[in-house]
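K.L.:
Sequence:
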Amino acid sequence: IFPSPVVARYIRVNPCSWFHSGSICMRVEILGCPLPDPNNYYHRRNEVITTDDLDFKHHGYKEMRQFMKVVNELCPNITRIYNIGKSQNGLKLYAIEISDNPGEHEVGEPEFRYTAGSHGNEVLGRELLLLLMQFMCLEYLSGNQRIRHLVEETRIHLLPSVNPDGYEKAFEVGSELSGWSLGRWTNDGIDVHHNFPDLNSMLWEAESKKWIPRKMA
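Sequential numbering from 4 applies to the sequence shown in the numbering used here.
Because the hints were derived from the structure by calculation, they are not lab data.
Keep in mind that the hints are not guaranteed to be accurate.
Here are the computed lysine-lysine pairs in the PhoX-like style, where the Cα-Cα straight-line distance is at most 20 Å [as the list claims (entries may be wrong)]:
no., residue 1, residue 2
1, Lys60, Lys172
2, Lys95, Lys65
3, Lys95, Lys72
4, Lys65, Lys89
5, Lys172, Lys89
6, Lys65, Lys212
7, Lys89, Lys72
8, Lys60, Lys72
9, Lys172, Lys95
Taking CB as the label site, the calculated pair distances span [as the list claims (entries may be wrong)]:
no., residue 1, residue 2, range
10, Leu131, Lys212, 35 to 45 Å
11, Gln69, Ser211, 42 to 52 Å
12, Leu131, Ser211, 17 to 27 Å
13, Gly182, Glu156, 38 to 48 Å
14, Gln91, Cys28, 46 to 56 Å
For glycine and all other residues, C-beta sits at the position ideal for the given N, C-alpha and C.
Take these sequences, add in the hints, and give me the full structure.
P.N.:
What follows is the structure, given as structure tokens:
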């Protein structure tokens, strides 16, 4: 399709003319960036299938747990699996830590956490985090300097399924019969995505009562 290799590709579709019959004339623009790729993530030809080792599929709870175990066994020096508790149905909420010193809190080192699957029937987030942990492990082993810098200078936590009960419920019925809401909430009817602590109100109340000074940026 492209006369020369590009790193990034974008397609923009703009309507140009509307006709009384209901048809439309569209303008399609394909944009590419002809810059060299320093990490060689993008192959220099148009591939119709993936050429890497990433595992593209939907993972149920047991498969997800096994997937995380495989990543941990492949990169035991930079990963640690732990859980933050259990769902109402007793499924453990597994997370994986990626760090050059897993299990150790290093003073001054930044940490961040990615979570997915708050709505159990929204499956993409789980797969993205599973692929991310697998990608980081494989790239670390291959010597990718960008990934090595992330692992050595940051403590990363990936929790791919906050609502495993909802996922399993929606998965058993299937997308054709489950509707938009089955599995969205936990078994006791809580929307996890809208159920985080309201830390802002606590701060504002403390400031209004002069318990702490108000800080202006």
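K.L.:
Range first: 17 to 27 Å. Now tell me if the beta carbons of Leu131 and Ser211 are that far apart.
P.N.:
violated (40 Å)
K.L.:
Are the Cα positions of Lys65 and Lys89 separated by 20 Å at most?
P.N.:
holds (15 Å)
K.L.:
Check whether the Cα positions of Lys65 and Lys212 lie no farther apart than 20 Å.
P.N.:
At roughly 49 Å apart (the allowed maximum being 20 Å), Lys212 and Lys65 break the hint.
K.L.:
Could you grab the alpha-carbon distance between Lys95 and Lys65 and see if it respects the 20 Å cut-off?
P.N.:
Since the Cα atoms of Lys95 and Lys65 sit roughly 11 Å apart, the hinted pair holds (cutoff 20 Å).
K.L.:
CB of Leu131 to CB of Lys212, is that within 35 to 45 Å?
P.N.:
Cβ of Leu131 to Cβ of Lys212: about 42 Å, so the range 35 to 45 Å holds.
K.L.:
CA of Lys95 to CA of Lys72, is that 20 Å or under?
P.N.:
Holds, because 14 Å separates the two Cα atoms, which is no more than 20 Å.
K.L.:
For the pair we were handed, Lys60 and Lys172, check the Cα-Cα distance against 20 Å.
P.N.:
Holds, at about 18 Å.
K.L.:
That 42 to 52 Å hint for Gln69 and Ser211 (C-beta), does it hold up?
P.N.:
Since Gln69 and Ser211 have Cβ atoms about 50 Å apart, the given range 42 to 52 Å holds.
K.L.:
A range of 46 to 56 Å was offered for this pair. Does it hold for the Cβ distance of Gln91 and Cys28?
P.N.:
Holds - the Cβ-Cβ distance for Gln91 and Cys28, about 54 Å, lies within 46 to 56 Å.
K.L.:
Run the distance test for Lys172 versus Lys89: straight-line Cα separation, threshold 20 Å.
P.N.:
holds (16 Å)
K.L.:
For the pair supplied as a hint, Lys60 and Lys72, confirm whether the alpha-carbon distance does not exceed 20 Å.
P.N.:
holds (17 Å)
K.L.:
Straight-line Cα separation of Lys89 and Lys72 no greater than 20 Å?
P.N.:
Given that 20 Å is the threshold and the Cα spacing comes to 18 Å, the pair holds.
Hint compliance for this structure: hints 6, 12 are not met, and every other hint is.
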